[in-house]
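K.L.:
Protein chains in written order, with my numbering: chain A, 1 to 297; chain B, 1 to 297.
Hints may be right or wrong, so weigh each one.
[Unchecked claim] Derived lysine to any residue pairs resembling SDA-like cross-links, with alpha carbons at most 20 Å apart:
hint, chain 1, residue 1, chain 2, residue 2
1, B, Lys-86, B, Leu-33
2, B, Lys-86, A, Lys-86
3, A, Lys-86, B, Leu-33
4, B, Lys-86, A, Tyr-261
5, A, Lys-16, B, Tyr-261
6, B, Lys-86, A, Gly-260
7, A, Lys-16, B, Pro-263
Quick caveat, the hints were computed from the structure, so don't treat them as lab data.
These are the residues of each chain, in order.
Protein chains: 2
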Amino acid sequence: MSDAPLIAGVELGGTKCIAVVARGTEILRERRLPTTDPATTLAGLSEALAEWQAEMPFTALGIGTFGPARVSPEAADCGQILPTPKPGWTGARVLDHFADRFAVPMAFDTDVGAAALAEGRWGRARGCSTHAYVTVGTGIGIGIVANGQVLHGALHPEAGHLRVRRRRDDAFAGVCPFHGDCLEGLASGPAIAARIGGDATHIADDHPVWSDVGAELGELMATLILTVSPECIVIGGGVGGGRPALLDRIRDATAGALAGYVPGADRAALETLIGPPGLEARAGPMGALALALSTLD
Amino acid sequence: MSDAPLIAGVELGGTKCIAVVARGTEILRERRLPTTDPATTLAGLSEALAEWQAEMPFTALGIGTFGPARVSPEAADCGQILPTPKPGWTGARVLDHFADRFAVPMAFDTDVGAAALAEGRWGRARGCSTHAYVTVGTGIGIGIVANGQVLHGALHPEAGHLRVRRRRDDAFAGVCPFHGDCLEGLASGPAIAARIGGDATHIADDHPVWSDVGAELGELMATLILTVSPECIVIGGGVGGGRPALLDRIRDATAGALAGYVPGADRAALETLIGPPGLEARAGPMGALALALSTLD
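Using the sequences and the hints, build the whole thing.
P.N.:
Next comes the structure, spelled out in structure tokens:
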């Protein structure tokens, strides 16, 4: 790795941000900040990068951000945060902030698009032509890589807000402020907390709430398989990551929804098609680094 | 167009097949055959091509087929029909049949993937980086183009079989032999015929069945927008094509399902985002020609 290029990455999360500089996959410096207002947050991140740059001149910068964000390089407002309930961030010119300070190639994408790219480069989805990364935590986010490129389209995937089919016996109204019982309103951390009146991260694997959540996430998997036919779906995040029992429920529900229709996606195949991240909790900063590397390919 | 290359195309449909030879988009010869057993059908098509080749030596061949089919060029069984209820066609080596007879570059894809490519090259989706083509007829099929390439993944889209959310007051059991009330089981031509006990192509625009069908197709649109974020969705096929009133119902339902969440996809934007084919009924053979041209790019 000693001849790998020096690269830098920024992950802009809903509650915290991380800046890193790395040689290949080896992270040499890291700074963590709380996400507050855009001016303070972005200044803190670029200060860290500027300090490191003198000592370790990085050759590219990748930026992964919470959404919605304008990620199409052709758009006039590329690099900006789109209308968001997060105070002060609507219209924040994230990419411009860094482009004004560092004269290196930059790539800007969603945090989940970046994580999908990292899982394809170094993680569970290595060698896949088309794969997806799903984070299930405070929200539900999806990144899709097709033919080696993060899929953007007009905006970027927002599949956390899919209206999945409801189970007949599940009457929970959901917590999404836009849709009520869309997937995020039914199966995100806050949704699970609202269902049981407690913290979603400390629920035993045999709690009945996982039947509904597993079924609803299975509907998302079936939707992804029927729509973009990924060779691999990685499930991470505070709720989705590190829960083998939930993964099994999700696989069962996926197979049930597909009902044997899709060649190569029966229950046995889903054992490898759907799985945990290869990069574990490092997907965020590694995603930003994968974006940086994509500018040098 | 006189300096455009001579190209050939084959469309393999569920009930009929078409072979064409063209200069650019100008079709010079065309032959139509019923789809019977693979040996007879493929021989009829290659016979037509062989006749034309002597007189008009075409430089590439595109083949668009009903699915499921193996379309990944890397796969050992690329060019074959996958397990299908259509008698005799499971395992049919379609691409090999033509590759054994014609020494020109060939591209093989689904009929809907090919139609999506043609709508991107010459039709409604010109200039889009990511778009979708949806046919609603005997079945419901979807082709997606992302960054100029037909999206394959592990198989190809099969989004006709999505389990869309049901309307509470719609108790129709559906006609899909695999899933009952998946989208195709609810909103395809045979499904509509089963709902009303008559032919779907002769139903007045104000018939109540269109409320359910429009709502269900709107769920598909919302799913596509939330998953692959197309800049344009083209709706064609025997049921979906040429019905402005149905398109309006679909747009209304899509806007309802998205509930204002997706920037750039409000009801006014859907007026242009979702629309009829630019190529009308020619999408099939034009799709095959677009595939042929893709080998020359």
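K.L.:
It remains to establish, for every hint, whether it holds in the given structure.
P.N.:
For each hint, the structure was consulted:
| no. | hint | in the structure |
| --- | --- | --- |
| 1 | B:Lys-86 to B:Leu-33 | holds (17 Å) |
| 2 | B:Lys-86 to A:Lys-86 | violated (53 Å) |
| 3 | A:Lys-86 to B:Leu-33 | violated (60 Å) |
| 4 | B:Lys-86 to A:Tyr-261 | holds (15 Å) |
| 5 | A:Lys-16 to B:Tyr-261 | violated (24 Å) |
| 6 | B:Lys-86 to A:Gly-260 | holds (17 Å) |
| 7 | A:Lys-16 to B:Pro-263 | violated (25 Å) |
Hints 2, 3, 5 and 7, counting from the list given before, are not met by this structure.
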